[in-house]
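> Full structure from sequences and hints, please.
Protein chains in written order, with the working numbering: chain C, 3 to 115; chain L, 995 to 1108.
FYI, nobody ran anything at the bench for these hints, they're computed from the structure. For each residue, glycine too, the CB sits at the ideal point set by N, CA and C. Do not rely on the hints blindly, as some may be mistaken.
Said to hold, decoys possible - Here are the in silico distance ranges between beta carbons for each label pair: (1) Asn-1064(L) <-> Gly-19(C): 16 to 26 Å; (2) Ser-57(C) <-> Lys-1012(L): 23 to 33 Å; (3) Ser-1014(L) <-> Ser-71(C): 39 to 49 Å; (4) Ser-9(C) <-> Ser-1014(L): 31 to 41 Å; (5) Lys-44(C) <-> Ser-1066(L): 39 to 49 Å; (6) Gln-83(C) <-> Lys-1032(L): 20 to 30 Å; (7) Glu-1096(L) <-> Gln-3(C): 15 to 25 Å; (8) Ser-1014(L) <-> Asp-81(C): 36 to 46 Å; (9) Gly-43(C) <-> Glu-1092(L): 24 to 34 Å; (10) Arg-1057(L) <-> Gln-3(C): 36 to 46 Å; (11) Val-1006(L) <-> Gln-16(C): 36 to 46 Å; (12) Pro-1063(L) <-> Met-80(C): 21 to 31 Å; (13) Pro-1101(L) <-> Ser-12(C): 41 to 51 Å; (14) Ile-22(C) <-> Leu-1067(L): 15 to 25 Å.
Unchecked claim - Dumping the calculated DSBU-like pairs for lysine-lysine here, alpha-carbon to alpha-carbon at most 35 Å: (15) Lys-73(C) <-> Lys-1012(L); (16) Lys-1047(L) <-> Lys-70(C); (17) Lys-1032(L) <-> Lys-1003(L); (18) Lys-60(C) <-> Lys-1012(L); (19) Lys-7(C) <-> Lys-1032(L); (20) Lys-17(C) <-> Lys-1012(L); (21) Lys-1013(L) <-> Lys-73(C); (22) Lys-73(C) <-> Lys-59(C); (23) Lys-17(C) <-> Lys-1013(L); (24) Lys-1013(L) <-> Lys-1003(L); (25) Lys-1034(L) <-> Lys-60(C); (26) Lys-1012(L) <-> Lys-44(C).
Stated by the list, open to error - Selected chain L positions facing chain C (Cβ under 10 Å, derived; list incomplete): (27) Gln-1000; (28) Lys-1013; (29) Pro-1036; (30) Lys-1047; (31) Leu-1082; (32) Glu-1096; (33) Arg-1104.
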Amino acid sequence: QQQVKQSPQSLIVQKGGISIINCAYENTAFDYFPWYQQFPGKGPALLIAIRPDVSEKKEGRFTISFNKSAKQFSLHIMDSQPGDSATYFCAAPGGNYGQNFVFGPGTRLSVLP
Amino acid sequence: DTEVTQTPKHLVMGMTNKKSLKCEQHMGHRAMYWYKQKAKKPPELMFVYSYEKLSINESVPSRFSPECPNSSLLNLHLHALQPEDSALYLCASSQDAESSYEQYFGPGTRLTVT
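In structure tokens form, the structure reads like this:
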């Protein structure tokens, strides 16, 4: 069964700063590694995902860095904005065919104005 | 339309009641999921349907009974629940099981068992 660790548990960043959230998985996986963003009272929404054969992917202010040998990947939010305040979950594919994604415990990000 | 809808938004039920949660998507997705999310915790996978067939049951107690009447609908039938089953129940869909990393979530049904 896939195990996913995520840090930090909570993060406070000033507006315009860089938010960095780290994730580590245990079992070798062959599918995409996504990050989800969840606002209070809403369901999670896919933010960005990366294939394990790519070391970095950037979409706007959001960048995923992937280290396959270390089984780690991280989310960088550049120029953080108060509207980015949310809970962020990384996820790693689990099961025999990667259909059941296992979510990390989450990071609660607060961006101060 | 990239929306997954869930009804009801809130549900309060007693331990002897029978109720159902409903989920609907019109994106043509062929994989649908039920998750349970406790406060300040990540979503926990309960069931996966692929092409209207149950493909994954994460050892969920039988008091939770999923049903997929067609490719757009997913139900979760509830019976004899316990107070510890109180949680946010999320439905999600993806294009297919191979695209499960890209799931579209509904807003959830907040369930309280009294």
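> Hint by hint, note whether the structure agrees.
Consistency of the hints with the structure:
| no. | hint | in the structure |
| --- | --- | --- |
| 1 | Asn-1064(L) <-> Gly-19(C): 16 to 26 Å | violated, 48 Å |
| 2 | Ser-57(C) <-> Lys-1012(L): 23 to 33 Å | violated, 51 Å |
| 3 | Ser-1014(L) <-> Ser-71(C): 39 to 49 Å | holds, 47 Å |
| 4 | Ser-9(C) <-> Ser-1014(L): 31 to 41 Å | holds, 39 Å |
| 5 | Lys-44(C) <-> Ser-1066(L): 39 to 49 Å | violated, 22 Å |
| 6 | Gln-83(C) <-> Lys-1032(L): 20 to 30 Å | holds, 29 Å |
| 7 | Glu-1096(L) <-> Gln-3(C): 15 to 25 Å | holds, 22 Å |
| 8 | Ser-1014(L) <-> Asp-81(C): 36 to 46 Å | holds, 45 Å |
| 9 | Gly-43(C) <-> Glu-1092(L): 24 to 34 Å | holds, 31 Å |
| 10 | Arg-1057(L) <-> Gln-3(C): 36 to 46 Å | violated, 23 Å |
| 11 | Val-1006(L) <-> Gln-16(C): 36 to 46 Å | holds, 41 Å |
| 12 | Pro-1063(L) <-> Met-80(C): 21 to 31 Å | violated, 45 Å |
| 13 | Pro-1101(L) <-> Ser-12(C): 41 to 51 Å | violated, 24 Å |
| 14 | Ile-22(C) <-> Leu-1067(L): 15 to 25 Å | violated, 41 Å |
| 15 | Lys-73(C) <-> Lys-1012(L) | violated, 44 Å |
| 16 | Lys-1047(L) <-> Lys-70(C) | holds, 33 Å |
| 17 | Lys-1032(L) <-> Lys-1003(L) | holds, 16 Å |
| 18 | Lys-60(C) <-> Lys-1012(L) | violated, 47 Å |
| 19 | Lys-7(C) <-> Lys-1032(L) | holds, 18 Å |
| 20 | Lys-17(C) <-> Lys-1012(L) | violated, 48 Å |
| 21 | Lys-1013(L) <-> Lys-73(C) | violated, 42 Å |
| 22 | Lys-73(C) <-> Lys-59(C) | holds, 16 Å |
| 23 | Lys-17(C) <-> Lys-1013(L) | violated, 45 Å |
| 24 | Lys-1013(L) <-> Lys-1003(L) | holds, 13 Å |
| 25 | Lys-1034(L) <-> Lys-60(C) | holds, 28 Å |
| 26 | Lys-1012(L) <-> Lys-44(C) | holds, 26 Å |
| 27 | Gln-1000 | holds, 8 Å |
| 28 | Lys-1013 | violated, 20 Å |
| 29 | Pro-1036 | holds, 4 Å |
| 30 | Lys-1047 | violated, 13 Å |
| 31 | Leu-1082 | holds, 9 Å |
| 32 | Glu-1096 | holds, 6 Å |
| 33 | Arg-1104 | holds, 9 Å |
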